[in-house]
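So you can see what is in the structure, the chains are spelled out below.
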Amino acid sequence: MQTGSRADKTGPRKRGNRTGFWFFEMFIRISGLRGAYGFLYFVCLYYLIFDRHAVSSALPYINRRFPDSGMLTRNFHAYRLFISQGRQLVDRLAAIVSKKQLFDIKLNGYDKLMALFQKSDKGVILLTSHFGNWQIALTSLNKLGKRVYLLMREEENPAVKESLNVGNEKGDIRIISPEQAFGGVIEIMNVLKKGHVVSIMGDRNYGAKAFKIDFLGEKAFFPFSAFAIAAAAECPVVILIAAKDSAYSYTVDVTNILVPCCKSSGKRNEQLIPWVQEYANILEKYIQKYPYQCFLFHDIWKN
Amino acid sequence: MESKEKNLAEIRKLLKELLVENLSLEDIRPEDIKDDEVLFGDGLGLDSLDAVEIVVLLQRNFGLEVKDMKQGREIFYSVDTLARYIYVNKKTT
Numbered sequence: 001m002q003t004g005s006r007a008d009k010t011g012p013r014k015r016g017n018r019t020g021f022w023f024f025e026m027f028i029r030i031s032g033l034r035g036a037y038g039f040l041y042f043v044c045l046y047y048l049i050f051d052r053h054a055v056s057s058a059l060p061y062i063n064r065r066f067p068d069s070g071m072l073t074r075n076f077h078a079y080r081l082f083i084s085q086g087r088q089l090v091d092r093l094a095a096i097v098s099k100k101q102l103f104d105i106k107l108n109g110y111d112k113l114m115a116l117f118q119k120s121d122k123g124v125i126l127l128t129s130h131f132g133n134w135q136i137a138l139t140s141l142n143k144l145g146k147r148v149y150l151l152m153r154e155e156e157n158p159a160v161k162e163s164l165n166v167g168n169e170k171g172d173i174r175i176i177s178p179e180q181a182f183g184g185v186i187e188i189m190n191v192l193k194k195g196h197v198v199s200i201m202g203d204r205n206y207g208a209k210a211f212k213i214d215f216l217g218e219k220a221f222f223p224f225s226a227f228a229i230a231a232a233a234e235c236p237v238v239i240l241i242a243a244k245d246s247a248y249s250y251t252v253d254v255t256n257i258l259v260p261c262c263k264s265s266g267k268r269n270e271q272l273i274p275w276v277q278e279y280a281n282i283l284e285k286y287i288q289k290y291p292y293q294c295f296l297f298h299d300i301w302k303n
Numbered sequence: 001m002e003s004k005e006k007n008l009a010e011i012r013k014l015l016k017e018l019l020v021e022n023l024s025l026e027d028i029r030p031e032d033i034k035d036d037e038v039l040f041g042d043g044l045g046l047d048s049l050d051a052v053e054i055v056v057l058l059q060r061n062f063g064l065e066v067k068d069m070k071q072g073r074e075i076f077y078s079v080d081t082l083a084r085y086i087y088v089n090k091k092t093t
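Protein sequences appear in the order of chains A and B. FYI, the working numbering numbers position 183 of the first sequence as 183, with every residue one higher than the one before it. FYI, the working numbering numbers position 74 of the second sequence as 74, with every residue one higher than the one before it.
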């Protein structure tokens, strides 16, 4: 189920192939979104029964979000998570297949974001999460009229790359690879200075330095690079959360804006902990509301 | 020629102080950093977040920008390469 679009190179095996995407495309063309969603129940059941690695990847999250669950209930939660993620991937595929605006996207915080751009020439860091559908969310930002740079590795699964247009996003979206020298930070600093938007994943460290942060009742490892870059570039961090409300509607929230800063004395990185904790708290709030839209298929509670 | 070397030595000294101050290098004094010591990876062990601080340090203290990754790789090699870049390009100190 994981597309691995921003996945760890050493992470779980890639799922999804051309035939699978072809079937989903046919369902979308013939019976619309709901037909494709129906097909998902069977596909996800297959993953639940035969792909135990997929289930075990979801368990660290399920165990924290639903701590009182027994074995059967945990599997039920995994099944619902798979279906929920599948729906959001189908939505992305449907948006590409139909070539039109299929979804009603409500953008909360647009005015706040525009005011931010008007106040300063500097760019912003858009902090995304393994929650909801950040790809759909990015399309809603087209109206900002800003170029968006995504910090992401190249998608390794060719079927996913072709079918979901990963790395080939429409609009004024560019990619910065973290695999280049210095993790792409020189390019990030330059584009922020020019007033562009840089999108960085905030909830998995992919080997980068991380802090132990309270999250879903335990200490989890959250990366702080986005906050360190923002503090150095003196630009804000805008937390982007995109939740699916119904089959054809999403709510994208950009109302949470953090402005991290460091004093020149003392351990600079550790000064960022309150901001990382605040981000984790915001994410947790959404997870409480939409428990099946958190796609953290990785044990972030284990270093 | 003598003046160039003197200027470079001054920049190297200042850079080492700025690196220790801005990168929170624990238990390292400016004089512990060798002029030709590799800054990233095996040498001084700096990482990508330290590169962010060096970019800012160059902007704030010398009014200099690092335009791209290729240029960054050459400039950020050691204190000496940083100092030479500053010497050739500096606008303000």
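Source of the hints: derived by calculation from the structure; they are not laboratory data. Just so you know, even glycine gets a beta-carbon here, dropped at the ideal spot from N, CA and C. Mixed in with the good hints there might be a few duds.
Cut-off 25 Å, straight-line C-alpha distance, at most; resulting in silico cross-link-like pairs (BS3-like, lysine-lysine) [claimed, not checked]: (1) A:K194 to B:K4; (2) B:K90 to A:K209; (3) A:K146 to A:K106.
Quick look at which bits of chain B chain A covers, simulated, 3 or more residues with Cβ under 8 Å [what the hints assert, rightly or not]: (4) 32-40; (5) 43-50; (6) 53-59; (7) 78-84.
Status of the hints after comparison with the structure:
{"no.": "1", "hint": "A:K194 to B:K4", "verdict": "violated, 34 Å"}
{"no.": "2", "hint": "B:K90 to A:K209", "verdict": "violated, 32 Å"}
{"no.": "3", "hint": "A:K146 to A:K106", "verdict": "holds, 18 Å"}
{"no.": "4", "hint": "32-40", "verdict": "violated (count 1)"}
{"no.": "5", "hint": "43-50", "verdict": "holds (count 3)"}
{"no.": "6", "hint": "53-59", "verdict": "holds (count 3)"}
{"no.": "7", "hint": "78-84", "verdict": "violated (count 0)"}
Hint violations for this structure: numbers 1, 2, 4, 7, all remaining hints satisfied.
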